[in-house]
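Engineer: Chains A and B, in that order, are what the protein sequence lines are. When we follow the UniProt record's numbering, the leftmost residue of the first sequence carries the number 1, and every step to the right adds one. When we follow the UniProt record's numbering, the leftmost residue of the second sequence carries the number 1, and every step to the right adds one.
For the record, the hints were derived by calculation from the structure and aren't laboratory data. Even for Gly, the Cβ is constructed at its ideal location relative to N, Cα and C. Among the clues, some could well be false.
Below, computed lysine to aspartate or glutamate pairings styled on EDC-like, alpha-carbon distance capped at 20 Å [claimed, not checked]:
hint, chain 1, residue 1, chain 2, residue 2
1, A, Lys-158, B, Glu-121
2, B, Lys-8, B, Glu-40
3, A, Lys-145, B, Glu-82
4, A, Lys-213, A, Glu-230
Cβ-to-Cβ under 8 Å is the rule here; a few derived chain A residues that face chain B [claimed, not checked]:
hint, residue
5, Gln-73
6, Val-82
7, Ala-119
8, Glu-140
9, His-147
10, Leu-149
11, Val-157
12, Arg-165
13, Gly-167
14, Asp-231
15, Phe-234
16, Glu-235
17, Phe-239
18, Asp-240
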Amino acid sequence: MSTADLATYNFAYLDEQTKRMIRRAILKAIAIPGYQVPFASREMPMPYGWGTGGVQVTAAILGPKDVLKVIDQGADDTTNAVSIRAFFQKVANVAVTTKTREATIIQTRHRIPEERLTAGQTLVYQVPIPEPLRFLEPRETETRKMHALEEYGLMHVKLYEDIARNGHIATTYAYPVKVEGRYVMDPSPTPKFDNPKMHMSEALQLFGAGREKRIYAVPPHTEVVSLDFEDHPFEIQTFDKPCALCGAENVYLDEVVLDDRGGRMFVCSDTDHCEERCSAGHRGHLAYDKEAAE
Amino acid sequence: MTDAPLLKVRDISKFYGARIGCQNVSFDLWPGEVLAIVGESGSGKTTLLNCLATRLMPTSGSVEYRMRDGQMRDLSRMSEAERRFLMRTDWGFVHQNPADGLRMAVSAGANVGERLMAVGERHYGNIRETAGNWLGRVEISVDRIDDQPRAFSGGMRQRLQIARNLVTAPRLVFMDEPTGGLDVSVQARLLDLLRGLVQDLGLSAIIVTHDLAVARLLSHRMMVMKDGVVIEQGLTDRVLDDPREAYTQLLVSSILQV
């Protein structure tokens with residue numbers, strides 16, 4: 001089929017006026033770290049919940065020379081990641097990669113890559129519910145007022161409930177943070193394991209919520225502090241075993257069920273990180289089995 | 001009682017379009033004093049209370065409050081941030097329906113602790129201990145601290161709401177029919193409890209009620225409202241024993257005698 005038969009899209013799908021509107025929202029978000037900027041979210045050729053917010057942010061900042069990486073739960077090879085990557089290859093014809101280091105823009109759902117991000121890189125988060133106070137306060141008018149007046153006692157009510165019910169802070173993802181000592185922000189459903197990576201990051205972090213029509217940002221070198229109690233300090237998840245494939249420790253692991261007799265293994269959720277370690281010769285206990293079988 | 005009033009109300013009026021909510025109400029409230037506002041439903045009691053508590057903007061008139069530093073401040077000229085801070089520290093508001101004043105989906109302990117966390121308390125153990133103490137003071141067994149208010153009876157919910165309001169040691173509490181919707185024996189216990197707390201803490205309170213018995217038990221002074229206007233005010237015992245206005249006489253004589 002020749003290209004003339006196809007409907008031609010503008011570069012990166014969105015029209016220039018829309019991109020301009022989104023860029024304005026992004027600039028405002030960067031100027032006020034952690035503040036949720038409303039924007040006129042567009043219909044995208046995918047359902048809400050699949051990353052329409054992240055896709056719009058990526059489309060607005062993408063240039064022809066950018067190198068794009070898309071991850072879903074840390075993996076480059078899951079449906080969401082594959083289809084969004086293919087989408088931008090088609091509508092923007094940009095270079096794509098799975099390597100964290102080579103990417104200039106990384107769109108993510110639920111994870112921050114294990115490899116430390118550097119200056120010049122941009123991390124775009126897909127956000128389902130941008131409002132950290134929503135769980136306890138359903139009124140948008142009221143939550144906006146609470147943000148404006150810095151009334152964040154309610155956030156601690158949620159953490160109090162956690163401890164009262166479970167004996168410890170049981171929130172493991174979307175763990176609320178305070179940005180630059182001012183706005184309380186929901187870091188999207190990333191595991192709290194990744195919260196410390198947001199603090200003083202060299203990379204720009206942008207958050208897009210398509211259904212809720214909000215964009216917010218954490219500029220580079222910004223203070224991001226996880227909320228906690230004096231006698232129940234913030235802690236990240238720990239794993240008692242290393243990755244079964246690459247033997248990495250102090251990384252976030254996914255549990256994979258192997259059979260119906262209780263067999264399971266824990267592997268890096270960041271597939272790029274895992275592959276890189278494997279090719280560098282690191283081996284976990286299940287990786288040896290695989291080689292022996294071959 | 002000290003020599004300066006806590007609350008100075010001057011010519012408060014609230015109109016809903018052409019209708020009168022309340023009109024030209026003036027009074028002073030002194031520290032430690034309990035004032036009851038009585039009248040039939042639709043007489044403007046709740047409108048007046050909401051105007052005083054900054055929940056409604058009065059059409060005209062002024063309400064001044066003496067802050068903890070001794071300064072009188074006009075409530076309508078305060079910023080919203082200051083007003084809201086005042087409302088969750090120095091003031092309390094007890095709703096008729098406890099569901100309006102409580103967070104029904106979080107535990108009793110968190111309900112009581114919310115105000116503490118709102119003013120910056122960040123030690124879980126301390127918050128929980130204070131919440132436990134307050135539950136004890138309002139006669140809720142401490143082992144219910146992790147239960148949600150949905151699991152509480154009407155009387156318990158109302159007592160929980162009172163504890164939630166008093167935890168920051170407010171100086172002024174607004175109550176809108178605090179005993180409405182409770183059965184008589186529960187009412188009596190709640191009144192007893194309220195009277196004890198008001199005395200122990202030296203609270204000032206403004207209580208809206210249509211129940212003259214509540215006014216008699218709790219208040220030092222009372223105002224009788226009819227059609228948005230205060231028609232009679234004075235010491236509670238004086239008004240109830242020797243009502244001067246015809247309407248007040250009618251009100252007093254219509255109390256059921258068992």
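Engineer: Which of the listed hints are broken here?
Structural biologist: 2, 4, 5, 6, 7, 8, 9, 13, 15, 16, 17, 18
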